[in-house]
Every structure is written in C-alpha cells, then in structure tokens.
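> Please put together the full structure from these sequences, using the hints given.
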Amino acid sequence: MASSVGGAKFRRGDRVRVLSLDVKGHMRTPWYIQGKTGVIERSHGPYLNPESLAYGGSGLPAQPLYLVRFNQLEVWEGYTGPGDDRVLADVFEHWLEPA
Amino acid sequence: MPRVHDRGGWPTDEPIDRSEHQIMDWELRVSAIRQVLGQKGLLRSDELRRGIESIKPSRYEALGYYERWTESIESIIVEKGVLTREEIDQKVADLEAQSR
Amino acid sequence: MRNQHSHGDHSNEQGSSHPDASQGAELGHYARRVQALEALLTEKGICTQGEIQRAVEETEARSPADGARVVARAWVDSEFKARLLADAKAAVAELGYEAAADLPDLVVVENTDKQHHLVVCTLCSCYPTWLLGRPPDWYKSLTYRSRAVADPRGVTREFGLELEPNVEVRVLDSTADIRYLVLPRRPDGTEGLSEEELAKLVTRDSMVGVSNPHVPEPAPAD
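So the protein lines, in turn, are chains A, B and C. Residue numbers are given in the numbering used here: position 88 of the first sequence equals residue 88, and the series is strictly consecutive. In the numbering used here, each number is its position in the second sequence, counted from 1, plus 1000. In the numbering used here, each number is its position in the third sequence, counted from 1, plus 2000.
Since the hints were made in silico from the structure, they are not lab data. Hints may contain errors.
Which chain A residues face chain B? A few, computed with CB under 7 Å, are given here [to be verified]:
| id | residue |
| --- | --- |
| 1 | Pro30 |
| 2 | Tyr32 |
| 3 | Tyr47 |
| 4 | Pro50 |
| 5 | Leu53 |
| 6 | Ser58 |
| 7 | Ala99 |
Just so it is clear, the structure is predicted and the values come from calculations on it, not from any experiment. Think of the CB as a built atom: it goes at the ideal place given N, C-alpha and C, for glycine as much as any other residue.
See below:
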C-alpha cells in the first residue's frame, strides 16, 4: 500500500529493515543499524527531512519518523549483555523497507 | 566505514571521563549565538550539524565540543553570505590589537 | 582509537558570564572568534546584545532540578504520569515548562522492574536541554557516544549501577528531533516523602539513565 501524504507506511510491531545507503551528505541513520532488521516501537508522525534542511532546503515533504527497536545481539558481534537487551533509534520512513 | 561523527560502537577501552570543566564565557556566548541565529531562521540545527560533520576527521576528534560549534557556525554563516571570512578575520585582528 | 576529550582552550576567564569578555585578558583562539562573531552580528544589526544575553539566561535558567520536579510529580500522581508518557511536552507545560514550537519534541520513557532505559546521541550530543539544562561533558564525549549503544551495562557499571541480567536494557539513540527523558523508578522506602523531598532524590544522571535516583537515608531510630 503506497503511503499517502501524511500517511505512515508502518505501524507498531511491523518488522522493518534499515537500508544501507552510501549517502555522502548529512543524514541521521547511524552506521550500526544500517542493514539491520528491527521492529517498529513507535510511530512519531511526520517530521521535516534533515537531509534537506541541512542544506537550506525546506525539508518537505515531511517524512514519517519511527522509533525502531533492534536486538543488541543482532547489532553487535560479541555483545556481552543478555539476549533481551535492545537498542532503539529514530529512523525516517525512506530509510526503511518491510522485512 | 562510518564517518567520523557517526560514533556508535567505535572500539574503545577508555573509561568515561566524568570530570566536568567549568564552562567558559565564550562557550556560553557561542551557544547563545547559535540559539539567536536559530530563532531568526539564519541557522537550523541541521545546518549546524552538517557544518560540524564537514570538519576534517582528525580535526573533529581533536577539537572540543564548542570549538566544533564555533567552526561550524562560522562556516555556515559565511556560506550563506551573512558575514564574510575576511571580515571575521579582520575583526579578530582588530580585537587582538585593542586588547594589547 | 583515541577518544579525545578536549576542554577547549583555557582562557584567563574562569566561567564569568559578564557580557564584555575582554577585560584586557588574552583570549584563546576560539574565544576570540566568538567575540568577533558577536561583534559583527550585533554591529550589522543581525541580532542584539540583549538577545544574546537573554539566550544565555534562558539556557542557564534550566537545570536538572526542573526535570526532577517532573519526575517527582509523576511519582505521586499516576494520572499525570499517564499524561506524561502519552504526550510529554503537553504534560510538562502543566508544570510551567512551555517549549517554543521550534524546540524538539519530548518523549518520556519509564523504567520499571523489567526495563531500564539509557539515552545517548551517537551522532552529536542531542539532549533535552530545554528541560534539564546543558548536558554534562561526559554525555558529549566520544567515549560515551561510542560505548552507550554497544556496552550500556558497562557504562552504567562505571556510574555505579549494576543492572540485573533479567532487566531488559534499552538504549535510545536520539537521532532525530525527539528528545528522550528517562522516568526513573521511584526508590523503595519513599512512601512518606513529600513531592519536594522526592524531587531531591532525582539526579540528572538518573534521567539520562546511567544510574538510578538516590535512595533516601533511613529514618533515625526513635
């Protein structure tokens, strides 16, 4: 289902994969979650796109922003904590695909 | 390879240095300048971050937090033509001369 | 890999917030650049001294005591707590903390007996400044930014908090325009305390999640 203006593609509980993109300029998707699979924890609603704002752009169209939850054991080889530990990050919809 | 500012999980055995330095007057001022420019629509947080991320990696790691801010704010306002680098350099020289 | 924690140049000023910084002292490189920026921006009418001074005062007006008030209120008032968890910006406005529209949004995450939260910004140093005041140096350090996500239990251990294996540790990386504040667990043995007394137990570090609030002193024996 295509996302309508202001419509969010994902909902809490959906499994998503973070894209691995070689973006040369400003972006806010940390390297350690790129390519990783996680679960939507929260849907924050639309936010202006920092990749445009950083260069004087309007930031439009606003993109749905999500808090995405990852298993630490899947993020870090050699993570020493227990298997229920999580890391969460705010990720824009255009960086996510269904998993 | 992550860019120098993309710091999560970088290998380090260092303990976290919990000492706090007394904030300097100039650090308070640059923070305030950033806020005021932001309120006037002359500097978005995203632009400030982009400016900081553009600092050469070895320099990024060597500079302190507010030093990075100062360099970024200067670069962005020069980029936007709010001030020129030359007039900032000249003002620095004038202030140096006055303080002697 | 070295993680530099530079304190910046140490000018002769020791944290004076006097607006006219020169006082005949030799300023360091960055202090001078900032002085020049301020002079030019005000000379050109882009902003005024007053605006800059007000901005200094606004930031300095906030401290962890403000966050602590919010936490203490949530501890004593379960309906406020529910509102805080549902819409934090609106809830803290009830206590007088109005955030200007252009300020980042706020989300409060609750520690329970099963979950412990820790907040970081690996990409820069985003922090809920408008409620807690300026972040501590360690929060902004390259070391914290790298270790908080990869070794949160090691980090809290350094801050004196050993987290049990059956507690789920959740690290939040503030990568966008949301600022996260941890609502720590109310310590045991605080039933008789007033809201003000409770607020005194709430530390800045417990609202970042690197440690827990103070535990009250046991009452002296009668």
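> Next item in the hint list is Tyr47 of chain A. Is there a CB on chain B closer than 7 Å to its CB?
violated, 11 Å
> Close enough to count: is the Cβ of Pro30 of chain A nearer than 7 Å to one in chain B?
holds, 5 Å
> How about Pro50 of chain A: closest beta carbon in chain B under 7 Å, or not?
Holds, because the Cβ-Cβ distance from Pro50 of chain A to chain B comes to roughly 5 Å (cut-off 7 Å).
> Minimum Cβ distance from Ala99 of chain A to chain B below 7 Å?
violated, 21 Å
> Under 7 Å is the threshold here; is the Cβ of Leu53 of chain A close enough to any Cβ of chain B for the hint to stand?
This hint holds: Leu53 of chain A lies near chain B, its Cβ roughly 4 Å from the closest one there, short of 7 Å.
> Is the interface hint for Tyr32 of chain A satisfied, with its Cβ closer than 7 Å to some Cβ of chain B?
holds, 5 Å
> Given a cut of 7 Å on the nearest C-beta pair, is the interface hint for Ser58 of chain A held or broken against chain B?
violated, 11 Å
Hints 3, 6 and 7 from the earlier list are contradicted by this structure; the remaining hints agree with it.
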